[in-house]
Amino acid sequence: MADKKNSKGRLRRLVMIGNGMAGVRAIEEVLAINHDLFEITIFGAETHPNYNRILLSSILSGEKTIEDITLNEKSWYEENNITLHLGKEVTEIQRGYRKVISSDGTEATYDILIIATGSTPFVIPIPGVDKEGVLTFRDLRDCDQMIEASKSYKHASVIGGGLLGLEAARGLMNLGMEVTVIHDQPELMNMQLDEVAASMLQKELEAQGMHFKTACLTKEILGNGRVTGLRFNDGTELKTNLVVMAVGIRANTALAKQAHLHCERGIIVNDYMQTYTDPSVYAVGECVEHRGKTYGLVAPLFEQARILAYHITGQGLKTYMGSEVSTKLKVSGVDVFSAGEFQVVAPAEGEEEKETIEYIDRGGGVYKKLVIDGDRLAGAVLYGDTADGVRLFQMIQAGTDISSQRATLIFGNPTLGDAGHSGIDLVANMTPDTIVCGCNGVTKQTIEDAITKEGLTTRQEVTGCTKAGGSCGGCEPLIDQILASVLGSSFAKAEGETPICGCTDLAHDYVKSMIRRDSLTTVAAAMATLEWKGEGCRVCRPALNYYVQMTFPDQAQDDPGSRHVNERLHANIQKDGTFSVVPRIYGGLTSPEELARIAKVASEHQVPAIKFTGGQRIDLLGVTKENLPGIWKALDTPSGYAYAKALRTVKTCVGNQWCRFGTQDSMGFGIELEKTLERLWTPAKLKLAVSACPRNCAEASIKDIGVVGVEGGWEIYCGGNGGVRLRGAELLCTTDTTEEATEIIKAYVQLYREDARYGERTSQWVEKTGLNNIKAKVVEDTENRAALIERLEEAIEASGRDPWENLISNSESQRPRHGLSFKTLTIDGEVAER
Amino acid sequence: MKWYKVCNQEDLTIKTSLTIKVGELTIAIFHLTDGRFMAVEDRCPHKDGPLSDGIITGSTVTCPLHNWRINLINGEALPPDCGCVKTFKTKIKDDDIWVEL
Ligand SMILES: Cc1cc2nc3c(=O)[nH]c(=O)nc-3n(C[C@H](O)[C@H](O)[C@H](O)COP(=O)(O)OP(=O)(O)OC[C@H]3O[C@@H](n4cnc5c(N)ncnc54)[C@H](O)[C@@H]3O)c2cc1C
Ligand code: SF4
Ligand code: FES
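Residue numbers (the numbering used here), protein chains in the order written: chain B, 5 to 838; chain L, 40 to 140.
Source of the hints: derived by calculation from the structure; they are not laboratory data. Please note: incorrect hints may appear among the correct ones.
[Said to hold, decoys possible] Below, a list of computed lysine-lysine pairs in the DSSO-like style, where the Cα atoms sit at most 30 Å apart: (1) K86(L) with K60(L); (2) K60(L) with K637(B); (3) K128(L) with K579(B).
Using the sequences and the accompanying hints, generate a full structural model.
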């Protein structure tokens, strides 16, 4: 845990140099985690508060105003008690005194310093670069000068045919200038595009009126005072009154170097964004070099910002592992997308040659190329039709095995194709975890949840709430579509939520509230009162069954017919119709007697396979239905609930009973937790772990609830997931005593039981609800905590005896109840003929 | 074709099922909410899942393995899935369920 105050009893001082996109994002992340941890001071060389640099070209074109692209108003800094020094460039860092000094002599002392100085445009050192009218394209001042020049001059040239250069050129054309792009390579955007795509792009831009001079080096800038022309290596000259240099950027490391922080191409940082040289100095953004890479797009920088914030606020040990990047060109009328390895180069020794799949329609202006490495997609270039970019990029990042989709991959998502590329179906066919906003890493699910939960109705609100659409703006149409699809149907609009399934128009939260209001205690009563269509389905019936029992643990009646066979028969059905049996082994701690008994049962019942599970227990596989009661009886252990939406396991490390590093009794605590929470139904499966020190051998950081012992207490993490969607657990709180830890965990489990939708794992629920809201309810508000615990106790009370015991006695009775029979009747012809 | 007696109808409550084995064949018998008894081979057309273990809604059962839905009246899988399971006639006589094989 980070100390809130330093030794002198005041807030720790956080100073940041650079008031740009990455740095301010890091500050926002810090504030979101803990508002009151730091006293914050920011120095910015520019005179405007943080704005969206990505949209500078829309300032050129006049589409947007400075106000439109401002990300943080001055009032934001005031509201968050941030001291902002605008227009003050820091000229010196005195690490010995932990002090920074700006050009006008302003000083600030820090406990933690963040360097976020971005980068500077590279200016080719040729004669004449200092002439009037030679600009770069980086900030608002550059834009002002271009707009000014366009009023008096006609001819402009842009040196550099990359992303930035083409954007600048398009912007200048919008200002009414005649623009020529000069590029040293034969192909435009050669860092992102292959020959074919580049030539299609050039053709399109020529059609728009842009001129090109490719494979050509600029030798000299001509003119007295103001630029009048360019001279090239082939001896030709071009008349121009404005030159914009867009040949690349260099990390802005001057200040860091002066302070003797280790720099290569950028300021070298570790996986926590901490500089190698000085642990109290961090760096983030384009000025950084991480694992040999520098980045010039915001998506990875925002990721860095998040990790930096985690680290300086003491939120456990998340690390930045580097990023893949994808590129889109923001020039109207051309759709270009590129990601990963887009060129096939000759393979290195011992490597397989990569293959390509290409599709080209010159007439229609569509080109697609996929680069394939074995079973994986290594890169993609799309021109003209970039609808599939996001999906392909996710496959590249995830290393998805594409062998089965090879034949169709290039044609995109088939259902997408049918829908055209603009209809609502585009979003309807996206999976929930598809990234809609690549810059900020916002998924469709997050946007949908925000719309439904916060009752949002406009794109601006969505951006405000999720940041999606707040950077390059490329995803704005998608956000509009998601809004339309979520708010579309009339009821959904009124209630701001999507229905549970096709059997009803009502949404989860509404149904829950009606169950409570009308005291509905059975699935049938709920369906009748809420005017269900038909008899429900496998989606809504289990949800209703859970909701009535969660709401009225005493009175509600379980409906086995509304449960999946696993929860009905308390065993896990396998692909061949047999079942698996997992006895409860509390905390994974067993004894010779127990092991011997299990072994004996397995051999006597000829269990075909026995396996240790990831949850530290034993799985007996291949048991027929008839044999279940017999095996349970012989095992004589409680059910491990390995089949249910309920507490699965509490994984523990050996802890201070054995381990030389252990600071706490992790086994004891884990067993206690497992005994407390077993047999409780939860919205989705629930996995816990307890480790006795931060080495975390029980892998608590990917569990729904993870407890980590530290000297003198426990850290409680929540919302982790090690399955479908990897998510690190977040620190909920730290407690001094095991009692308090137990209380908080109980309250947290009950809040999850009450608040989450059926089927929603804690990882999704925590993301949707927000850690701070959960903290407020279970950690800070002790009264509410006590009330939650009381309701949990009621549910525990009502959970009754072990289900295996119940089923054993049912199977032994003469007339088994409710089709819960384990036997198949055998009929031989003679008895029954008639 | 012969009629076989299965069990007393009281022993199969509504929205539940039981299985009978005749030779190599396993048959699932379902008690629908409208009172009817339906019999089909206990083998999902998808990958042989035990239909008798599925959730029963109306006259449909959802296979517990991969959620194909089977219409118990005609044995056909509901779209988008495609396949068919063998159905058998049933009747009630003297409170007993009979199935014709
Ligand atoms: C025209 C244009 C289009 C772009 N389009 C895209 C796009 O489509 N998608 C995308 O992902 N990215 C795009 N980018 C890149 C993106 O804007 C940058 O990656 C991002 O702004 C970098 O953030 P940063 O905080 O590292 O640097 P910056 O945003 O540059 O912030 C650094 C700040 O620090 C200040 N500073 C520097 N030194 C000092 C000092 N000594 N004292 C005080 N202040 C100092 C600078 O003045 C600057 O304001 C584009 C960039 C430009 C210029
Ligand atoms: S987590 Fe710590 S205490 Fe537990 S086994 Fe690992 S090293 Fe030992
Ligand atoms: S076996 Fe029935 S759905 Fe797959």
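How the hints compare with the structure:
no.: 1; hint: K86(L) with K60(L); result: holds (19 Å)
no.: 2; hint: K60(L) with K637(B); result: holds (25 Å)
no.: 3; hint: K128(L) with K579(B); result: holds (28 Å)
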